[in-house]
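S.K.: This is what each chain is made of:
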Amino acid sequence: MAIVEQQRETTIDLTGDVRRRRREAVVKAVFFGAAAISILISIAIVLALIGKAWAFLTSIELGQLWGNGWFPRRGRFDLMALFVHTLMITGIAMMVAAPFGLGSAIYLSEYARSGVRRVLKPTLEILAGIPSVVLGFFALQFITPNIVRGLFPGAQSANFLAAGIAVGILTIPLVASVSEDAMRAVPGSLREASYGLGAKQWHTALRVVFPAAISGIIAALILGIARAVGETMVVALAAGLNGIMTFNPTEGGLTMTGAIANLAVGSDQVAGDVAAFQSLFFVGLVLFVLTLGLNVVSGRIVRRYRQRY
Amino acid sequence: MAVATPALTPTDIVRQSIEGRRFSPINALVTFTMLFTLLSSVVILITLLADTIAAALPVFASRGLSFVTASLSPTAASAGIWQGIMGSLALTAFVIAVAFPLGVAAAIYLEEYASDNRFTRFINANIRNLAGVPSIVYGILGLFLFVEILMRGVFGAEGGIGGRNVIAGGLTLAVLVLPIMIITTSEALRAVPGALREASMAVGATRWETIKHQVLPVAIPAILTGTVLTIARAFGESAPLLLAGAQLSLFFSVSSEASFADLITTQPYTALPIIVFNFARQPQAEFVSLTAAAIVVLLVMLLTVNAAAVLVRDRYEQRYR
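Residue numbers (our numbering), protein chains in the order written: chain L, 641 to 949; chain F, 412 to 732.
A hint or two may mislead.
Claimed, not checked - Now the stretches of chain F that chain L is said to cover, found in silico as 3 or more residues with beta-carbon under 8 Å:
no.: 1; stretch: 425-436
no.: 2; stretch: 454-460
no.: 3; stretch: 546-554
no.: 4; stretch: 638-644
no.: 5; stretch: 690-701
no.: 6; stretch: 707-715
Please keep in mind that the hints were generated in silico from the structure rather than gathered at the bench.
Bear in mind the structure is a predicted one, so any value in this text is a computation, not a measurement.
C-beta atoms are modelled at their ideal positions from N, C-alpha and C, and glycine is treated no differently.
Based on the provided sequences and hints, a complete structural model is requested.
M.R.: Below is the structure:
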């Protein structure tokens, strides 16, 4: 009988008294508030960008956004030039990051024994931890004189090639780690089936595992592109200040991020409600929408491929 | 990590016996190419470090540690980076004070409390997207929200640095790393076995008691590792500070009778990566070795922290798997 009494009491205890339940509710509300802050941050970003970007757009003629180069202090806002320069940096960066990032991912996922992995994986992590401003200095002082000028002796001291290669180096770890995760998620049975049919290891890695992980790999590349588009410090140091559109990778020029940084550090610091200063918010908005779009697309692709396995 | 698995998995053994011992040139070529791409990163890293250290040696050889402890100066021969180190440490303090509690609390809500509904999925997607926003955009946010609205609007900071103080910069960096902090903490919480929670609640603990006494003690090493790596990232970040108010001149001074409260509200500040950027922009040749020396100090501080975090994590992974 005594045991039954006790059990009934414990059952009642489990529902909790008022104080305990109230504390639960308070704790939950506090944590919910912290999670909701992320939404406030997003709203604040959009507000910060849209208000002044709109003020900028209404204070200039739309014709000023096309042609004539990017010279905000002279009322010339050639968005096309910034966009083309950004594409060039991103293109060069991906020519570095895609082969080296994917190759590293294939080696780490399909070839490396655990001991090798334990030594080489941290190297990529250290590379990922190097601040981008350091890579900017490396581009100026090492890549330009030793690599770019070795191939093109007439290259300008600030040029797209050096900046693009440095941005690519920064992007390698991201591409490698996301696509390695995708390849490791491919079920081992696929590899075993391939070996069972007599396929060599290279055939299994490149013709079975790689295609099976292709959606994750594409997502990794898109993330890499978003990262390269948004990279600022390398570009601000090593891509130069030229506002006139050029397609020559041995010359330099302003990208979207470079233009924002340049407006922020310019010696004749424009500020306040001048169109030149407000253009910073407009370029920021374009950059935000572009990278957000890339991130959303890559997230969609990752989710779809997760459902398949 | 695959500590428990032997060097050769059963799959490897079967593959080798089917492939036989014959040498395949394509196989060797592909293996070599993939290894080459991976080793290139090692070579790049070594080149980067060697080149920077070689360029920095003259500064440390001629000036020793006085380069670290001297203040900024327009003449390269006497310029030091002390203000940048102090500024970076102050910024880091704000990041820890703001982003760590908020990030952990948000992750606990998302992993332990939230049910899988539309709103939760929206918050999760939103956090992932925030983590992908370029850092310079956070600089624009910091300029708008913390410098203009908070410092000038709410606190009426006019004249002088006009609200471009270390608090605004620290808050900007905190907001920048918050999504990353939430994601790494969520991963740490997800790695805690569900059986632990079920057992705790089965003996009558509430959700919060379960989190406090069961989940957090198991997850804390992973949470701290993630936090250290995230803070290291904030330490090396410079793009947002260009906009959010770090001093971009080669020289500035802080009034000598400034109290601690003055230092963080009305006095100018800068950060170590910003000094690197500033030195690197100078056309004079003597600033090249100065930039390299500042980078060496920055990297020594960062790599020490990163290496410690990686070591802690490797140890922790071996213990719990």
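S.K.: All hints are to be evaluated individually against the structure, with a verdict given for each.
M.R.: Now the hints, each set against the structure:
no. : hint    : verdict
1   : 425-436 : holds (count 5)
2   : 454-460 : holds (count 4)
3   : 546-554 : holds (count 8)
4   : 638-644 : holds (count 3)
5   : 690-701 : holds (count 3)
6   : 707-715 : holds (count 4)
The structure fails none of the hints (numbered hints given earlier).
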